[in-house]
Each structure stands twice: as C-alpha cells, then as structure tokens.
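S.K.: These are the residues of each chain, in order.
There are 2 protein chains.
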Amino acid sequence: MEREFITQLRERLPPHPLLKLGIGDDAAILSLGQGADVVVTTDLLADGTHFLSTEQDLARIGRKALAVNLSDLAAMAARPVGAVVAIALPKSGIGGRSPLEVATRLYDGLLPLAAEFNVPIAGGDTNTWNGPLVIAVTALGAVTPRGPLLRSGAKIGDSIYVTGTLGGSLAGKHLDFTPRVAEALELAKRHNLHAGMDITDGLAIDLDRLITASNCGAVLDLASIPLSAACGVTNALGDGEDFELLMTAAVPLGPLPCGITKIGEIIADRGLWSRDETGAVTRLPVTGYLHR
Amino acid sequence: MEREFITQLRERLPPHPLLKLGIGDDAAILSLGQGADVVVTTDLLADGTHFLSTEQDLARIGRKALAVNLSDLAAMAARPVGAVVAIALPKSGIGGRSPLEVATRLYDGLLPLAAEFNVPIAGGDTNTWNGPLVIAVTALGAVTPRGPLLRSGAKIGDSIYVTGTLGGSLAGKHLDFTPRVAEALELAKRHNLHAGMDITDGLAIDLDRLITASNCGAVLDLASIPLSAACGVTNALGDGEDFELLMTAAVPLGPLPCGITKIGEIIADRGLWSRDETGAVTRLPVTGYLHR
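Just so you know, the sequences run in chain order A and B.
In the numbering used here, each residue's number is its place in the first sequence (first place is 1) plus 2.
In the numbering used here, each residue's number is its place in the second sequence (first place is 1) plus 2.
So that you can see chain A by itself, here it is in the shape it has in the complex (with noise of 0.2 Å):
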C-alpha cells in the first residue's frame, strides 16, 4: 500500500521553501535558516510485520529499530547527530517481561548501537497500550561538506556498486546489520559519489528506484553481484533487508574493510536490464520485498 499512497501523498504536499528534500528519498531535508540544514528519517517497525516479539529477543529489535534509521542517513551520506524514540507497549508485557522490562530490554539493544555511532538518544515518548509492540524511530543528520547523496544524481556511464554481501538478511543479518554510516561518510569524502541509496526491499527494486529518480537505466552483471552465504543471485536481487550501500560514481570507489564491488552500469536506456558473461543483455523483473 506504501507506494499508492506515497504517490497519493507526495501530490497533496505543497512545495515549502524550508523543505529542500521531501518525500521520495531515503530521507528529508530541511533548512532550519541561516545555511543550516537538517536530514531527517522516521521508520515504524511493528510487531508481526517488522519482526517477531515472541521469537526474537527484543534487544535485538530495539537495535534494529535505530539501525534501520542510521541506514537510511548513511543512505544520504548525513553524519548522524541524535535520534528520538517513540513506543508502543503492550499492556500485558511480551513473553513473561512487564512492559517496563520489555522497553528497558528494547534499550539493551538500542543503546549499544547509538554508544557505537555515537548518536545521542535526544528524547522519546513511551506509552502502554491494548495493542502489540511498536517502535518508531526519527534520526537527524547533518550534511557533510560534499552535500547529500540522492537517489536522482546517477549519470549515464557511471559505475554500479554495493557494500557488503546480499540476500538472505531475513535469516538474521536484518536484526544484526551494521548501518553503512562510517562507509557512506568515508566514500562520499574519498570520491565524488553520483546517486546513492540503501537496500531495503531489494537489489532489482531499490536500483529500479534510483534509476526512475534519475532518469536513467542500469545492466547488472549478475554474476559479480557479492552474495550472502547460501545466497544465489535471486536471493540477492530479490530478498531485501540488506541494508547495505547502492551506489554509482564515475570513478572507482574503495576499498572499504566490508567489501565494495562493482556491479553494472548506468545506462540511458531505461529499466533494469542483466548482462550475461557472453555479454547478451536482457530485460530482468522488478522483484523484491514490498512491506505491507
């Protein structure tokens, strides 16, 4: 439904002078006046559809919940500056847990995570409810000198890459990833980076995101794509929660301790399109996890 209603939605938001970056990126931008700019990003994560309360530790849930807010400011190449908390408890508790331990349990987790990337935990509001565990996110960024990366800057001929390995995230690395905020910040500083964005739903999905951003096409050589153990390249195109980096340059990016590959290129002919090692180019479906 996401995608009908941010359509529905980006068409009722007026253009305002203090929004330099609405909706349809990783994150916002705003202008808090005087040349000062702020990068925001919110993310739900919700019980049943973003994890699983009875099945995984909520400590790892509370550090996903800031996780998923970090990737998407590395997204941006943003250096994080804070982030607030907002949560739903059940009344009843969670597993034998009161909701005073489920929430203090959620910050085992979570705050480890903003002690490692240094990100103050501004604030939050925490409730108890007839419903199950919610937790939402807002993170602030701050742009680096270089400016934002955005899903539209892509350029005909660059280079395609992406950090770390794919597929398979749902079997845990969704709980445990390591948001690309050092690697974006260190890249964006390094090289001059055309169009970036992270990977949520999906290698074929969120590239076909950033080449409609940017106007262009894209061809993966499919079997350079990095795979996750007892990965193949459906997984990698398809499975989503990777969480790591999409992006393309006109130059050569890395290296970087996590792996950094290049994976196709830019192109002007829209869509997605595979290359094969003959070199034989076809169309490839749009797959990947759409959350509902």
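Hints are computed from structural coordinates only; laboratory data are not their basis.
Since the model is a prediction, treat every value here as computed from it, not as a measurement.
You may find that some hints are simply not true.
[Unchecked claim] Residues from chain B that keep clear of chain A, each with C-beta distances beyond 12 Å, as calculated:
{"id": "1", "residue": "T43"}
{"id": "2", "residue": "Q58"}
{"id": "3", "residue": "C233"}
{"id": "4", "residue": "R272"}
[Said to hold, decoys possible] Here are the simulated EDC-like cross-link-like pairs (lysine to aspartate or glutamate), alpha carbons at most 16 Å apart as the crow flies:
{"id": "5", "chain 1": "B", "residue 1": "K93", "chain 2": "A", "residue 2": "D59"}
{"id": "6", "chain 1": "B", "residue 1": "K93", "chain 2": "A", "residue 2": "E6"}
{"id": "7", "chain 1": "B", "residue 1": "K93", "chain 2": "B", "residue 2": "E103"}
{"id": "8", "chain 1": "A", "residue 1": "K93", "chain 2": "B", "residue 2": "E6"}
{"id": "9", "chain 1": "A", "residue 1": "K175", "chain 2": "A", "residue 2": "D59"}
{"id": "10", "chain 1": "A", "residue 1": "K93", "chain 2": "B", "residue 2": "E4"}
Note that the Cβ used here is the ideal one computed from N, Cα and C, for glycine as well.
With chain A's structure known, arrange chain B on it following the hints.
M.R.: Relative to the frame of chain A, chain B by itself:
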C-alpha cells in the same frame, strides 16, 4: 509507567556534546555543529489510549497527532521547521475504510494544520499491520534568538501565567486545540520569559514538574485560574490535555487574543500550594491525568 521508565532511562543515557538538552523537557535540543541547533520532539498516539478511532473522526485524530508535537515546540518557544509522520494502519481498515482511505483521512486533518502553521511535512513511513492504528509524529524546530524556553528557569518571585482556559478538554478540545506556537513566539519576543511548558497532564502535575525542574515552589490563587465552560477548579487542576502554555516571568505578560492570566507566584518553599482570598496557604494535592 512512563515516569518510572524515564527516570531509569535518564540514568542510562550518557551525556553527549551534541545533546544540549536531553530527556525531561517538552523537547530536546541537538547541535548540528557550526552553531546551528535543532529542537526535536516526538509523540506517539495509540488507538484506545489517546483517541478512539471508531468514535472520533480520523481527520481530527491526524490533526491531533501533529498538534501535540507543535504544542511541544511552542512550550520551548521554538519555531517549527518541519515534521515527519509514521503510521501503522490496521490491515482490515477502520469503520469500512480501507487502510489507504484511513491514511488519506488522517492527512485530511493533518495537512490543513501543517498549512496553518506553515510546517512542511518532510516525510514519513506508512505501514499496514495486524494491530490497531498508531500514529507517531516527530516535529523539528529552530531556536529563536531569545533561546529555548525551559522548565528549569523559574525564579523566586516570578508570576505564573497560563494561556486560554483550562479543564474539560476531553469533551472535545483535546482533538481541536490550537497549538500556542504563535503566542509562545510572540511572548518570547516581547518579554523575558523565565520558564515554560505546555499543559498536557493537568495544571497541578505539570506545574509540579516545572517547579521540580526549577528547584522552587509555587502558590496558586485558585480563584484566578481561567476555567473552560462547565468546568470547576478541580477540572482545571487535573483534567489534562489542555495544551495551553504555562509560563513564569518577573514581568507582566500579555495581552494575547487567546487570553493570558496570572494564576500565582513562584516561591522558595518547595511544593505546590494554594492561596484563598484571605491569603491563607494550604498544600495542594498533585492531581493530573497520567497517560499509561
């Protein structure tokens, strides 16, 4: 549960050079570097706790979700610069409306308020799930040259003021109140305000929080408290959800079109006191509505 949790969380959150003001006031203040600060506040509204989706118009609920956050910015005398909106929609819809229609109707109330206060909606996260409606808004603001208005600034001898009238908000005002943003900015420009907050849980409990943060006491002239229609002093002290401003200053404040009334004084003796027409002072019980 929230107060107990906040106390515990405060002890767990380390100080951070970017965090100029953390948990405990109406909003937090983060430094973006190079002298720029951002004010941030988040409030989550949950069905059955903060509103009743089957009885109340979804447009009023969407409006309230933004309004409570704007009220928090007003409490800091901050200028709103934007907001993000995270929503969890029941998959089965509400009252015959599909999830998409529910989201649209929430925005039918939220967007006119955003336009009225010139606040761009910068982004959001809209999900469906197997739970009731949750809407979490985060609002960002800029500090005016006078600096932020804090709970901790009250000084002995200050007069205590409230805007508008108090009591009976749950009969309807809690969904339709006007966030006192313009009033806070105007007062902060005209006068040297010492302390301020918005009244969310009731005058008594919120004033108690203000004097606790300011290490002082307060005496209220009960007969002077401006009452909403069909309300008595008990309603004004304890009903909550007034979303009026509570401020202290050493100088007379006002006038304002919405009304502004002196209701008491800041004193050295800790705690909350009431004074009758004869000047006799008695201890006032700290009543109020605590969201659980």
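S.K.: Give a verdict on every hint.
M.R.: The hints, checked one at a time:
1. Distance check on T43(B): its Cβ comes as close as 7 Å (rounded) to a Cβ of chain A, failing to clear the 12 Å threshold; non-interface status is violated.
2. Distance check on Q58(B): its Cβ is at least 16 Å (rounded) from any Cβ of chain A, clearing the 12 Å threshold; non-interface status holds.
3. For C233(B), the requirement that its beta carbon stay farther than 12 Å from each beta carbon of chain A is met, with the minimum near 26 Å.
4. Residue-level check passed: R272(B) sits 26 Å from the nearest beta carbon of chain A, beyond 12 Å.
5. With a CA separation close to 25 Å, the supplied pair K93(B) and D59(A) exceeds the 16 Å bound.
6. Between K93(B) and E6(A), the direct Cα distance comes to roughly 15 Å. Compliance with the 16 Å bound is thereby established for this hinted pair.
7. Between K93(B) and E103(B) the CA atoms are separated by roughly 11 Å; this keeps the pair inside 16 Å, and the hint holds.
8. Among the hinted pairs, K93(A) with E6(B) is consistent with the structure: their alpha-carbon atoms are about 15 Å apart, no more than 16 Å.
9. Proposed proximity of K175(A) and D59(A) is supported: the alpha carbons are some 13 Å apart, at most 16 Å.
10. For the given pair, K93(A) sits about 12 Å from E4(B) by alpha-carbon distance, which is consistent with the 16 Å threshold.
Going down the numbered hints, you'll see the structure goes against 1 and 5, while the others check out.
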